[in-house]
Amino acid sequence: MSTLFLKKNQRAHIDVTYEDQQKICEFSVLHNRMLFLKDEISEVEKKLNHLDGLSEEIEFLDDGEIFMELGEAFVAMDPEDASDAVERMQSKLQNEKRELSKSLDTVNQSIVALKGDIKRVFGDQINLE
Amino acid sequence: MQTQNPQALPGCRIFPDFRDKITAMPFIESVETFVEAVGIEKALSFFNDLIARHKTAEVRTLSSLKSVHVMIPKLEGDYQTVQDLKKKHEAEDKFDIQYMLTDDLYSTATIDPSKDSIYFWLGAKTMVEFTYDEAMDLLQDQIAKNKEIREKLQEELDFHKKQITMGEVSMSRLFNYDVEMKRRTAEAEKEEL
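Read top to bottom, the protein sequences are chains A and B. For the first sequence, counting from 1, position 121 maps to 121 in the numbering used here; every step adds exactly one. For the second sequence, counting from 1, position 123 maps to 123 in the numbering used here; every step adds exactly one.
So that you can see chain B by itself, here it is in the shape it has in the complex (with noise of 0.2 Å):
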């Protein structure tokens, strides 16, 4: 049975949902249909394997979206600090600040923010400057990407997990139909005797 584009599943509905390059849980309709035409052990067997793909997808976007909402408030903390620059900029005064020299060591210097520039680490040894408006529409542009982001991730994890809950209860409903069948037959059986 193909778990890519499942054509058509005996007693399911399939769904059209694709992402990640994994099929949408289908859902049994008729459980006894279904059973009747692939067999229990198959039967079982699909439900396992697309219910793993889909707990690995949903492993992987819960990582995503992690970094993600780790960076939307470092990217507000930063925007605060131009703001607060920008202040100290336009009150016009010079004052001291103590930086960290290295992890143990913190040094004293006095900032001139006469300037209308502050530096933004790129990374790959970049850095570039900007005015302080600048850098606070930069950030927002940032802030809000990171947002739009996030919420299409939740999206996608709020997806799999739906599918993978379905899953599991169709592999219930399976099992449950497999074990009351194995009872009547041994019934019929006894009554035989």
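Same shape as in the complex, but just chain A (with noise of 0.2 Å):
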């Protein structure tokens, strides 16, 4: 949490501003934005590498089927349908991911931006994770 606190001989008492009230609240809603989308890429991440993982066992199955899910239920299809529509959700996640780096990026610009007018003010004074 964003605190202020005065140095143990500090005589002098930097206030705070409405402006500088706006900038510390605006972080700490950055803050948990940024701490939203990097949990919402490591979860992306996560079924990319199932994807990945099922690719490469469907490549083993020259022959046969593999039954794919259609809801809760599953359909017999053969290696290269079944390659296809791993494909296709592969890409889909990689834009996913793609989307929430691009936020996550500018979030973490202005993150930077805030903490620097932020800690110019008050230097020490404040503790900013």
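Each hint can be trusted.
Facing chain B, from chain A, some residues (calculated, C-beta under 8 Å):
1. Asp-15
2. Val-16
3. Cys-25
4. Val-29
5. Glu-72
6. Ala-73
7. Ala-76
Quick caveat, the hints were computed from the structure, so don't treat them as lab data. Note that the structure is a prediction, hence the values are computed from the model and not measured. For every residue, glycine included, the Cβ atom is placed at its ideal position computed from N, Cα and C.
Both chains are sitting in their own frames, so use the hints and assemble them into the complex.
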């Protein structure tokens, strides 16, 4: 949490203007947004890893059939169709990951800028995670 | 001091935002004015209480947000499934599926997709029949509505977060002011001796 604290022998009392307060509030919201986006990206990466493993397994299957999910049931498919389906899922997830990463970059940029502003006013007296 | 509708808090800026029956956090323009007027105990407890109320609201909003957030990909998955079924319907091929009979048992069924219909389970022991197109429209509609709700909830969450942050900073300022005042009083008393 962001807190202001006076150092032990500090005399000068830096108070907080409304504008500074707004910046601190904005920072806390952005910080949460950043954590959320990081989580989302890691979820997507987990799914992508899973699909990578899956497409490897499908390659070993030459003939025969594989059962793909259709809702909560399974449909028999031949490996070619299954590969295509997996590829489609992968490209969708990769797009999602790209979008999320872009958003995360924007958020991080704003955070760096805000942190600079806030630190300039308060220096050590504020704790921003 | 009322927390419902603070009429006038000396030295503070009041904001009209009033959500979830909780007022927005006031901003202390002048710590000195505020503390001299209401006393440090009341000042701290006022902000403490308001922060607690916003934290409760934050938890509630976060929980709703998580539910909606999980619902959307589920609906998108359903939409995909209906699309896939429609393709099979257009191809007019019968096909076999393995479906869940019980948690541990799956059985084979032959699906004849010649009929343009799919059934929605609406809960409360109600199932409704739709054509594939109608089902897709309905699902898209649901997805859009849920996305809207998600946005609104996110905005509310951000609001509560900002109020809490402002409250916590205010409490730090009040506390620091009090420490400083006590220190000055102690020094003044030392000088008199």
